[in-house]
Amino acid sequence: EFNDTSDDGVQDLRLSYGKIGYSYNYILFPAAVKVNEPVRITADADSLRGCYRSVQIPSYDISKFMTKSDNIIEFTPTETGDVIITCSMGMGVAILTVEE
52 EFNDTSDDGV QDLRLSYGKI GYSYNYILFP AAVKVNEPVR ITADADSLRG
102 CYRSVQIPSY DISKFMTKSD NIIEFTPTET GDVIITCSMG MGVAILTVEE
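Straight run, no breaks: the sequence shown in this note's numbering ends on number 151.
By construction, these hints were calculated from the structure, which means they are not laboratory data.
By construction, the Cβ of each residue, glycine as well, lies at the ideal position given by its N, Cα and C atoms.
Hints are not guaranteed to be accurate.
To be verified - Below are the SDA-like pairs computed for lysine to any residue, each with C-alpha atoms no more than 25 Å apart in a straight line:
1. Lys70 with Ile108
2. Lys115 with Phe80
3. Lys115 with Ile146
4. Lys85 with Met140
5. Lys70 with Met142
6. Lys115 with Met140
What the hints assert, rightly or not - Taking CB as the label site, the calculated pair distances span:
7. Gly69 with Ile135: 13 to 23 Å
8. Met140 with Gly69: 11 to 21 Å
9. Met142 with Thr118: 17 to 27 Å
10. Asp58 with Asn87: 16 to 26 Å
11. Gly60 with Gly141: 29 to 39 Å
Kindly generate the complete structure, drawing on both the sequences and the hints.
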């Protein structure tokens, strides 16, 4: 069972790659978090291929190449609204909604 808030108060999310509708893209679950509370995104490195392994969160100046042994991004969203998560080439996109 996936719990979106861990015992340490961090909002846990999963980032993977798969089919959405007719196309393939990042899958972010859950896709909404609370503002000013830490977020931990754990990538399913097995499902991420090529440029999709280079995860970028431009609004927080985050850029990370995901591997099986190093597959976690942590940050604290400081503003409400949509946060764009993209691959290095801009092909893969996920939207994280930050709420009050």
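Status of the hints after comparison with the structure:
Between Lys70 and Ile108 the CA atoms are separated by roughly 21 Å; this keeps the pair inside 25 Å, and the hint holds. The suggested pairing of Lys115 with Phe80 holds, with an alpha-carbon distance near 19 Å, which does not exceed 25 Å. For the given pair, Lys115 sits about 17 Å from Ile146 by alpha-carbon distance, which is consistent with the 25 Å threshold. The hinted pair formed by Lys85 and Met140 fails the criterion: a straight-line CA distance of about 28 Å is larger than 25 Å.
Taken as a hint, the Lys70 and Met142 pair is honoured in the structure, with Cα atoms around 14 Å apart against an allowance of 25 Å. Restraint check for Lys115 and Met140: the C-alpha separation of about 13 Å stays at or below 25 Å, so the hint holds. At roughly 19 Å, the beta carbons of Gly69 and Ile135 sit within the given window of 13 to 23 Å. Distance hint for Met140 and Gly69: a CB-CB separation of about 18 Å, consistent with the stated range 11 to 21 Å.
The hinted window of 17 to 27 Å between Met142 and Thr118 holds, with their beta carbons roughly 20 Å apart. Asp58 and Asn87 have their C-beta atoms about 19 Å apart, which keeps the hinted 16 to 26 Å range intact. About 33 Å separates the C-beta atoms of Gly60 and Gly141, a value consistent with the hinted range of 29 to 39 Å.
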